[in-house]
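A.B. asks: Here are the chains, one letter per residue:
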Amino acid sequence: MVAGLPAMQLPEGASPPSSAPAPDHPSVPDYRPSYFTSVEWAFINAACARLIPVDQHGPGGVELGVPQYIDRQMGTPWADGAIWYMQGPFFAAAPEFGYQSQLTPKQQYRLGIKAIDTLCHERLNMPFAALTPAQQDDVLKQIEKGSLTSTELSLSTFFSGFLLKNVMEGYFGDPMYGGNRDMAAWKMIGYPGVRADYLEWVGEAKPYPYGPVSIYGKRG
Amino acid sequence: MATVSKPVDVVIVGFGWTGAIMAIELAQAGLNVLALERGEDAATVPNWAYPKVVDEIAQSARNGLLQNLSKTTVTIRHGKNERAVPYRQIGSFKPGTGVGGAGIHWSGVHSRVMPQELRLKSHITERYGAHFIPAGMTLQDWGVSFAELEPYFDRFEAVCGTSGKAGNIQGRMLEGGNPFEAPRSREFPLPPLTDPPTSALFAKATNELGYHPYPLPAANASRPYTNPYGCQLGPCNFCGFCSDYGCINYSKASPQTTILPALYRLPNFALRTHAHVLKVNTDNTGKVATGVTYVDAEGREVEQPASMVILAAFHLHNVRLMLSSGIGKPYDPDTGEGTVGRNFCYQLLNSVNLFFDQSVYINQFMGAGGVGQAIEDFYADNFDHGPQGFIGGGVIWGRQTGNGPVRGIPLPPGSPSWGSGWKAAVKENFLHAGRIEAQMSNMAYRGCFLDLDPTYRDAYGTPLLRMTLNWQDNDLRMSEFFGERLSQIGKAMGAKSMSGRVLKRGDNWDTRAYQSTHINGGTAMGADPKTSVVNKYLQSWDASNLFVLGANVFAHGIGYNPTGLVGALAYWSAANIRSAYLKSPGPLVHA
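Just so you know, the protein sequences line up as chains X and U, in that order.
Quick note on our numbering: the first sequence kicks off at 1 and runs consecutively.
Quick note on our numbering: the second sequence kicks off at 1 and runs consecutively.
It is worth saying that the hints were derived from the structure and are not from the lab.
Treat the hints with care, as some may be off.
[Claimed, not checked] List time: in silico BS3-like cross-link candidates among lysine-lysine, alpha-carbon distance up to 27 Å: (1) X:K145 x X:K106; (2) U:K94 x U:K504; (3) U:K504 x X:K145; (4) X:K165 x X:K106; (5) U:K504 x U:K121; (6) X:K165 x X:K145; (7) U:K329 x U:K287; (8) U:K530 x U:K121; (9) U:K71 x X:K106; (10) X:K145 x U:K427; (11) U:K583 x U:K287; (12) X:K187 x U:K496; (13) X:K141 x X:K114; (14) U:K427 x X:K165; (15) U:K94 x X:K165; (16) U:K279 x U:K530; (17) U:K329 x X:K106; (18) U:K287 x X:K206; (19) U:K6 x U:K279; (20) U:K80 x U:K121; (21) X:K165 x U:K204; (22) U:K71 x U:K94; (23) U:K427 x X:K218; (24) U:K427 x X:K141; (25) U:K279 x U:K80; (26) X:K206 x U:K121; (27) U:K427 x X:K206; (28) U:K530 x U:K80; (29) X:K187 x U:K491; (30) U:K204 x X:K206.
[Claimed, not checked] Here are some of the chain X residues that sit facing chain U, going by a computed Cβ distance under 10 Å: (31) W41; (32) Y69; (33) F91; (34) E144; (35) G146; (36) L148; (37) V167; (38) Y171; (39) Y177; (40) G203.
Where a beta carbon is used, it is the ideal one built from N, C-alpha and C, also for glycine.
Could you build all of it, start to finish, from the sequences and the hints given here?
C.D. replies: Have a look at this one:
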């Protein structure tokens with residue numbers, strides 16, 4: 001037996017791992033965006049209100065704090081492309097090869113919102129946020145199917161790969177991230193959140209009787 | 001100039017399943033073993049403690065437990081005359097990172113291999129004739145038999161505390177198990193998990209259709225369990241956070257739950273994390289590995305001398321290390337010569353969502369990665385391929401893996417993707433939708449291979465591994481065959497509508513949507529050094545003190561989940577190192 005090999009090493013300056021979840025920052029009523037400008041913030045709120053509107057089925061995205069979720073995500077490493085391979089050269093490729101743009105999520109939002117507002121101004125003389133709900137739906141549908149385009153960036157990629165995806169995350173994510181206020185989106189679909197203990201229930205194809213629980217232990 | 005570290009008997013590159021298996025087996029044999037892991041250290045507590053880890057945003061939306069592609073990734077193209085582009089975001093496959101590797105975020109389906117798959121070329125030739133193998137398909141036997149591997153499948157299942165029901169114990173067929181199962185030496189360590197609604201409906205429907213459902217073997221413990229190393233598992237509670245997540249309950253088998261507590265007690269074992277290995281060093285003959293060179297957390301190059309080198313990283317990194325170290329001859333798709341990078345394969349997955357009436361509760365938020373019912377009526381050569389005209393097969397299952405809304409709520413065909421119509425659809429379907437799938441083999445082809453990318457480099461300045469792969473006609477025809485069966489089973493289960501993905505002729509490999517992390521091949525095992533990189537003991541044909549583990553040694557893509565075979569091959573290799581190699585170091589097979 002040979003002893004004396006170096007033990008597990010933690011690099012200098014690294015903090016020891018913790019069992020604490022991500023910080024608890026639920027949505028607040030008087031939120032001021034950190035990343036988005038006031039013009040961009042108006043777009044995010046307007047788009048969110050159309051993607052997940054208030055209706056008879058359940059709460060809308062804006063009332064649950066989804067825009068706050070997206071603004072806060074702009075402060076994470078993901079928003080700078082830090083979990084993606086972002087080295088060049090960048091070439092256009094068939095869609096099935098995935099994301100090939102050099103734009104980070106932050107840049108997607110900055111350029112994407114500007115391009116959409118520019119198109120709205122050109123056609124309707126108003127920014128997206130000032131259009132009627134029916135006009136906004138029409139613009140979003142055209143962007144989604146690729147019939148409304150920009151020379152600046154792929155608007156359909158911005159829409160499907162960023163805006164719509166992040167709106168859904170905020171709506172259905174844990175309330176600690178700023179959206180899904182009071183777990184209202186979970187209640188709408190019958191998702192019990194992070195109860196994470198179903199041994200007694202899994203063998204029975206019946207309605208689950210309990211309401212949701214969030215990561216910070218709140219009950220809905 | 002690299003710092004030179006104190007020599008060790010064995011250096012292991014990568015510390016997931018195969019690294020942990022090889023480390024404990026060789027450390028128990030008295031060798032001085034050092035494992036190098038490029039990622040972080042990790043343990044159930046604190047890393048996967050409740051409620052920290054059950055966070056869909058952190059784990060599923062932001063790939064918290066997966067490889068950070070900004071450090072290193074691969075490039076991909078469909079054919080050898082195309083320009084490859086980088087795999088910039090996680091999509092089709094999910095490499096892990098850190099101590100435990102992909103053994104942390106896997107689901108736990110724990111299958112073996114079908115004996116005929118290990119000698120597929122011989123088997124197909126015997127039953128259908130050599131002409132049945134299409135041009136360009138580079139089928140070859142694996143050089144090892146099921147009987148040789150059986151004790152090591154058994155060993156790995158005992159370590160994992162695998163839940164299941166035997167269908168064939170030493171040739172005695174048993175009710176309730178898989179009637180197509182190859183002979184096992186004994187029953188599974190634990191009984192099957194409880195069937196969730198999807199699995200119960202699948203079993204009933206497939207039974208009525210005349211197929212043969214059985215409980216899928218799962219490395220998710222159905223009962224409290226103590227394994228041969230003395231490590232303890234707790235029963236799975238179907239929390240619904242399995243694939244993409246670390247296990248909160250010590251129920252899913254991982255290196256941390258089944259091996260590391262015992263390994264860390266051995267004084268002749270050491271682990272260095274944040275050690276990214278750049279290459280395997282060889283002496284001036286090129287026939288002896290002298291150790292490895294790695295970059296440490298500070299960015300310094302360190303040379304680690306060792307008497308034996310074990311490549312135990314994930315598939316991608318093992319193959320790239322062989323190529324960037326210049327060991328063995330790189331495969332040339334034009335001449336068919338060379339072996340490193342040859343027979344690169346994947347797996348095909350058809351996934352069909354089933355939508356039921358409001359009275360049928362599926363409760364997809366409950367589940368476990370490995371729980372399910374499956375049929376093997378169309379696996380490997382369990383059915384007559386003559387009339388079908390393709391080679392290959394797959395397992396069809398009704399699993400309920402656990403799903404939350406950030407991971408995506410499947411919706412019936414024609415549903416809107418946003419707005420009020422979308423809201424109505426998610427509300428109506430979330431509790432009443434299930435999923436069935438066919439996971440199918442992927443044969444090896446002359447034009448599907450791995451090499452080093454000429455353009456793109458990683459954060460360490462090393463060329464990225466380049467994948468050249470696309471679906472081929474044989475496999476797509478098989479997939480269409482499975483699409484018909486899935487549709488038949490979905491209807492029999494009572495689905496009022498279905499949506500999903502069935503690969504059809506003309507479809508290309510789409511790298512965007514997740515389908516399977518089961519990439520394989522590239523350093524195939526075999527009996528012939530002209531077509532394989534390692535011999536049947538996973539020993540390099542070129543440097544006898546170098547062993548290469550992982551799914552990269554597969555000679556073609558099998559239909560089963562690969563971890564059971566990957567673990568068994570690691571135990572088989574370790575046993576032969578202990579019994580033969582250590583007594584007389586040198587080639588265990590003479591070419």
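A.B. asks: Confirm or reject each hint.
C.D. replies: Now for the hints, and whether the structure bears them out:
no., hint, in the structure
1, X:K145 x X:K106, "23 Å, holds"
2, U:K94 x U:K504, "24 Å, holds"
3, U:K504 x X:K145, "24 Å, holds"
4, X:K165 x X:K106, "14 Å, holds"
5, U:K504 x U:K121, "25 Å, holds"
6, X:K165 x X:K145, "16 Å, holds"
7, U:K329 x U:K287, "13 Å, holds"
8, U:K530 x U:K121, "16 Å, holds"
9, U:K71 x X:K106, "20 Å, holds"
10, X:K145 x U:K427, "25 Å, holds"
11, U:K583 x U:K287, "20 Å, holds"
12, X:K187 x U:K496, "25 Å, holds"
13, X:K141 x X:K114, "18 Å, holds"
14, U:K427 x X:K165, "18 Å, holds"
15, U:K94 x X:K165, "19 Å, holds"
16, U:K279 x U:K530, "23 Å, holds"
17, U:K329 x X:K106, "45 Å, violated"
18, U:K287 x X:K206, "64 Å, violated"
19, U:K6 x U:K279, "18 Å, holds"
20, U:K80 x U:K121, "25 Å, holds"
21, X:K165 x U:K204, "37 Å, violated"
22, U:K71 x U:K94, "15 Å, holds"
23, U:K427 x X:K218, "22 Å, holds"
24, U:K427 x X:K141, "22 Å, holds"
25, U:K279 x U:K80, "26 Å, holds"
26, X:K206 x U:K121, "49 Å, violated"
27, U:K427 x X:K206, "17 Å, holds"
28, U:K530 x U:K80, "22 Å, holds"
29, X:K187 x U:K491, "30 Å, violated"
30, U:K204 x X:K206, "18 Å, holds"
31, W41, "20 Å, violated"
32, Y69, "9 Å, holds"
33, F91, "6 Å, holds"
34, E144, "7 Å, holds"
35, G146, "14 Å, violated"
36, L148, "16 Å, violated"
37, V167, "8 Å, holds"
38, Y171, "8 Å, holds"
39, Y177, "6 Å, holds"
40, G203, "4 Å, holds"
Comparing the model with each earlier hint shows violations of hints 17, 18, 21, 26, 29, 31, 35 and 36; every other hint is respected.
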